[in-house]
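Generate coordinates for the entire structure from the input sequences, incorporating the hints supplied.
If you use mature numbering (1 follows the signal peptide of the UniProt record, and there is no 0), the sequence shown corresponds to residues -28 to -1, 1 to 1016, in order.
Keep in mind the hints are simulated off the structure, nothing from the lab. There could be a bad hint or two in this list.
Simulated pairs of lysine-lysine, DSS-like, Cα-Cα distance not exceeding 27 angstroms [as the list claims (entries may be wrong)]:
(1) LYS115 with LYS136
(2) LYS150 with LYS114
(3) LYS856 with LYS681
(4) LYS329 with LYS623
(5) LYS150 with LYS10
Derived CB-CB ranges, DEER-like [to be verified]:
(6) GLN592 with THR336: 39 to 45 angstroms
(7) THR882 with SER764: 32 to 38 angstroms
(8) SER796 with GLY305: 55 to 61 angstroms
(9) GLN724 with SER764: 36 to 42 angstroms
(10) ASP853 with LYS623: 47 to 53 angstroms
(11) GLY16 with THR196: 33 to 39 angstroms
(12) THR882 with THR627: 57 to 63 angstroms
(13) SER764 with ASN708: 21 to 27 angstroms
(14) VAL141 with LYS681: 51 to 57 angstroms
(15) LEU524 with GLU831: 36 to 42 angstroms
(16) ASP494 with ASN708: 16 to 22 angstroms
(17) SER36 with VAL141: 23 to 29 angstroms
(18) THR424 with VAL528: 31 to 37 angstroms
Where a beta carbon is used, it is the ideal one built from N, C-alpha and C, also for glycine.
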Amino acid sequence: MQRRQGPGPLLFSLLLLLLPSALLRARAKEVVLLDFAKAQGELGWLTHPYGRGWDLLQHIMNDSPMYIYSVCNVMEGDQDNWLRTNWIYRSEAQRIFIELNFTVRDCNSFPGGASSCKETFNLYYAESDVDYGTNFQKRQFKKIDTIAPDEITMRDDFTTRNVKLNVEVRSVGPLTRKGFYLAFQDIGACVALVSVRIYYKKCPSVHQNMAFFPETMAGADSQTLAKVQGTCVEDAVASEEPFMHCNSDGEWLVPIGQCQCRAGYEKVEHSCKACSPGFFKPDISDGTCAKCPPHTLPSPKGSTLCPCEEGYFRSAEDPPSFPCSRPPSAPHGVTAIGLGAKVQLRWSPPRNTGGRKDVTYTITCEQCRPETGECRPCDSSIRYSDPPHGLTGTSVTISDLEPYMNYTFTVEARNGVSSFSNTRNYGTASISVNQTEPPKVMSVNLEENTATSLTLSWMVPARQASRVSRYEVTYRKKMDSRGYSVVRSEGNSVTLSNLTPGTMYRVHILTHTQEGQSTESDTFEFETLPGGVEGMNTAAVVGGAVSGVLLLALVVAAVLYFHRRKRNLRARQSENDVYYSKSDQLKPLKTYVDPHTYEDPNQAVLKFTTEIHPSCVTRQKVIGAGEFGEVYKGTLKNGKKDVPVAIKTLKVGYTEKQRIDFLSEASIMGQFCHHNIIRLEGVVSKYKPFMIVTEYMENGALDRFLREKDGEFCMIQLVGMLRGIAAGMKYLASMNYVHRDLAARNILVNSQLVCKVSDFGLSRVLEDDPDATYTTSGGKIPIRWTAPEAISFRKFTSASDVWSYGIVMWEVMSYGERPYWELSNHEVMKAISDGFRLPAPVDCPSAIYQLMMQCWQQERSRRPKFNDIVSILDKLIRAPDSLKTMADFDPRVSIRLPSTSGSEGIPFRTVAEWLESIKMHQYTEHFTSAGYTTIEKVAQMTNESWAGNRPRDDSAAPWGRTGAGGQYPGISGEHRVPGTKLALPGLGKLPPGAGPACQTRSRQGGLHVGRPGFFQALPPGYSMALGQSLPFPMPQFPLTPSGP
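Encoded structure:
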């Protein structure tokens, strides 16, 4: 190949300063197709035009030849010099990478600056299935990129022999032909190609997540990810099929799934190893083998479970990591103490529990007659204070025993593995019962009734009937609580004579035996027939029967007629009409049972709740503190999934009363099943700490939720919340349950905005409630939410819950404001008794406020029932236009206020005193000159006197004329209400960010902005912070707009 002298040799001599190590770079996961530095000059690349442009230069370094291609025709114009590689076989590559090591000389280092000099060159490629040899055609090549150096070799670098070597990498793909060419185009630069390396990339074989992934070809372009499935290593199984993705740079990305060592094997680096003898692993996991627990036999290699020693067992609920256990020893100290017809059985826990905590007791009973010695199991009629199976306590009371009988009681201790053993461990106690309580009449039947008599019969247990010597029947009129009569009978029936026709009588019966008399039976009610009914003769009876049939036919026809008429009438009723029911609804099939009526509260818990094992409950974080202890968010294991729940716990150091109240609340909740009542999941009452587990409500208490979301809901959403609360209260009322503490703080909200009534502790002591006040009977009542009759007489009914619901409506429509704001409890009670009610919240629909006022009727019988409230809200939701009319304040209300000092009447003696109280004393002269000299005249102001009849120049208004700029005298611009063009004297600066929304959502300073153009003044003795309003309407005075 021809060699020429010029700038090239000088550039080549400088390149000799570079070490050979700079030309060789090891690349992981790279398959090299061509390496110019290793070719030893034997490549024979094609140059075009031949004999010009690119030259192959050689130098010996460390006894080895070193070759570069260079070109440096910078002194000549219009350069187009090409250097083409040989045909390169593509192999399996789809995308190739080209790494160039090169230098570029600064054009300014040449004499005269070489005006045609360039400092870049171009890189091309062409695909083909065959080698074209020396046939070179430019049109076959496609441009990859223009290659520009990061650093160029300056003139001074020649002096210091500091050559700047550049490294650039470009990629091309996807390739489809068998091979390809690369070409380098020089357009007038001084360039030296030190090294050209062409390679493609693979993702290497690798172990990841206990799976093996084979070597994989990288993607054809930068966006391609090759999905590769891995293979689990030996003794590993896939919990989820393992996959990884190989990208175009030969890197593994996005591992999905994994393999885990099977049971009996543990992970050791990238393999699974069998557990050593004496160790085990019960499941498929990444965990390590564990040492066999106590009371197990040594396990062989690769064990999944350690077998129990002889006499020890493992229950189905015990995890393999638990020690094996055995049945408990017998309970000791079993004693029976006679209490008349009752026996109290006591015992002490077994000395050896078998290594378990789930010890329970089973009681069996045997009775023997002393005279014959005949024994048999006790009758099923005897009663236990707790179920005789699965007892966790160490005492039980047994009642309804027969007299003159010997009883033997067996107490067997059992635990979770007792069923695997053939031995029983128990203690016994015997007792002789001589005298028992007389039998008690449990039911009374009506055999016959006339207008003046009732014939009754009753039964006692057959085995005790022989003990009864006589019965004592006491009866009285239901409506007469003072007088009563007594009749005695030796048999189990009696006829009560000389009764009043058509009257309800109340009856209870005592039994008498040699031992004494029984307690009273339950009270039963029976009614005599109306007068004259039993005097009819046979003919009259037959005629009456015929007439009755005809009458029945007429009644059916009348019912059908009136039903059709009522349906047509209902169709003509307006959607806005409100109708209240005149009679009580039918009682539901299910009625609330007060758990406090149970002698033992545990019986109520057993009947109405579901017991949960504490291992199924996980407490995660504290979300609040209740009356009894802390409240947690947690999970409840329900089958294979974990359900989010709220967990209320009983605090350490609780009293017996607190325990009973805590469990009673769960017994109350367990009786309810409704979409708008908080759902009880279950209780933990057999282990400590005691827990009540309910559904989890993501948004928490309604009052706090509304304050956080102030103004974010549309009116339909707010009314929908009210409808849900009313539906829940309707359900409670139908079960004859009175809540007593209905407030927004006791309403919980879930993620779907469903509101649910909660907090059912009837006998709770509200020690931490700042809204409670002591009443004469010692309890505490939340005054702001409670009806007047409940405060004064502790008369709690469904109607008092309706009053509280009205307050909840106000809380919802005001986005969680505090009812009656900063008024004291005494001031609230005084205002309510004087007939004042909360004003309509801002932007409250008139229909909603009217319903609030109905709920706040002083006479409780005039308040709507929850059934009516639900119907009204349903109508409003179906007719959204009915919610567009907003409730408003009347600007002509009286300024008479409730007096907290006990005096009635207007609390201001003079106009000056009133203006001074609202910080507007500077307008005293204006009021006087306008003729408003007494407070009574101020109270009689109307819109017309202030707006309609006002002169254009405002000369007759008590405010006087407006000053410059449309403002009132003495009022600066910063005292104006933004967005209304109203000037409010005495306000001071408004808070930052206050704007037009202040008309509808905010209260500013000491004045309440009502309708545009009016404000309400505070009375003396009342203070009000930002965001608050008065609890009753105040006088509103028109203001003159300060601009057009």
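So, going through the hints one by one against the coordinates:
For the given pair, LYS115 sits about 26 angstroms from LYS136 by alpha-carbon distance, which is consistent with the 27 angstroms threshold. For the suggested pair LYS150 and LYS114, the alpha carbons sit about 17 angstroms apart, so the restraint of at most 27 angstroms is met. Distance restraint check for LYS856 and LYS681: the Cα-Cα separation of roughly 21 angstroms lies within the 27 angstroms cut-off, and the hinted pair is therefore satisfied. For the hint pairing LYS329 with LYS623, the CA-to-CA distance comes to about 22 angstroms; that is within 27 angstroms, so the pair holds.
Using a Cα cut-off of 27 angstroms, the hinted pair LYS150 and LYS10 holds, with the two alpha carbons roughly 23 angstroms apart. Range check, GLN592 to THR336: Cβ separation about 44 angstroms, and the 39 to 45 angstroms hint holds. For THR882 and SER764, the hinted distance range of 32 to 38 angstroms is satisfied, since their beta carbons lie about 36 angstroms from each other. The supplied range of 55 to 61 angstroms is met by SER796 and GLY305, whose beta-carbon atoms lie about 60 angstroms from each other.
Our hint of 36 to 42 angstroms for GLN724 and SER764 holds, since their Cβ atoms are close to 40 angstroms apart. The beta-carbon spacing between ASP853 and LYS623, approximately 52 angstroms, falls within the hinted interval of 47 to 53 angstroms. The supplied range of 33 to 39 angstroms is met by GLY16 and THR196, whose beta-carbon atoms lie about 35 angstroms from each other. Checked against the hint of 57 to 63 angstroms, the C-beta distance between THR882 and THR627 comes to roughly 59 angstroms, which is consistent with it.
Taking 21 to 27 angstroms as the suggested C-beta distance range, the pair SER764 and ASN708 conforms, at roughly 23 angstroms. Checked against the hint of 51 to 57 angstroms, the C-beta distance between VAL141 and LYS681 comes to roughly 55 angstroms, which is consistent with it. For the hinted restraint 36 to 42 angstroms between LEU524 and GLU831, the CB-CB distance of approximately 40 angstroms keeps it satisfied. Roughly 19 angstroms separates the CB atoms of ASP494 and ASN708, a value that falls within the hinted 16 to 22 angstroms.
As the Cβ distance of SER36 to VAL141 is approximately 26 angstroms, the hint placing it in 23 to 29 angstroms holds. THR424 and VAL528 have their C-beta atoms about 33 angstroms apart, which keeps the hinted 31 to 37 angstroms range intact.
Going down the numbered hints, you'll see the structure goes against none, and every one checks out.
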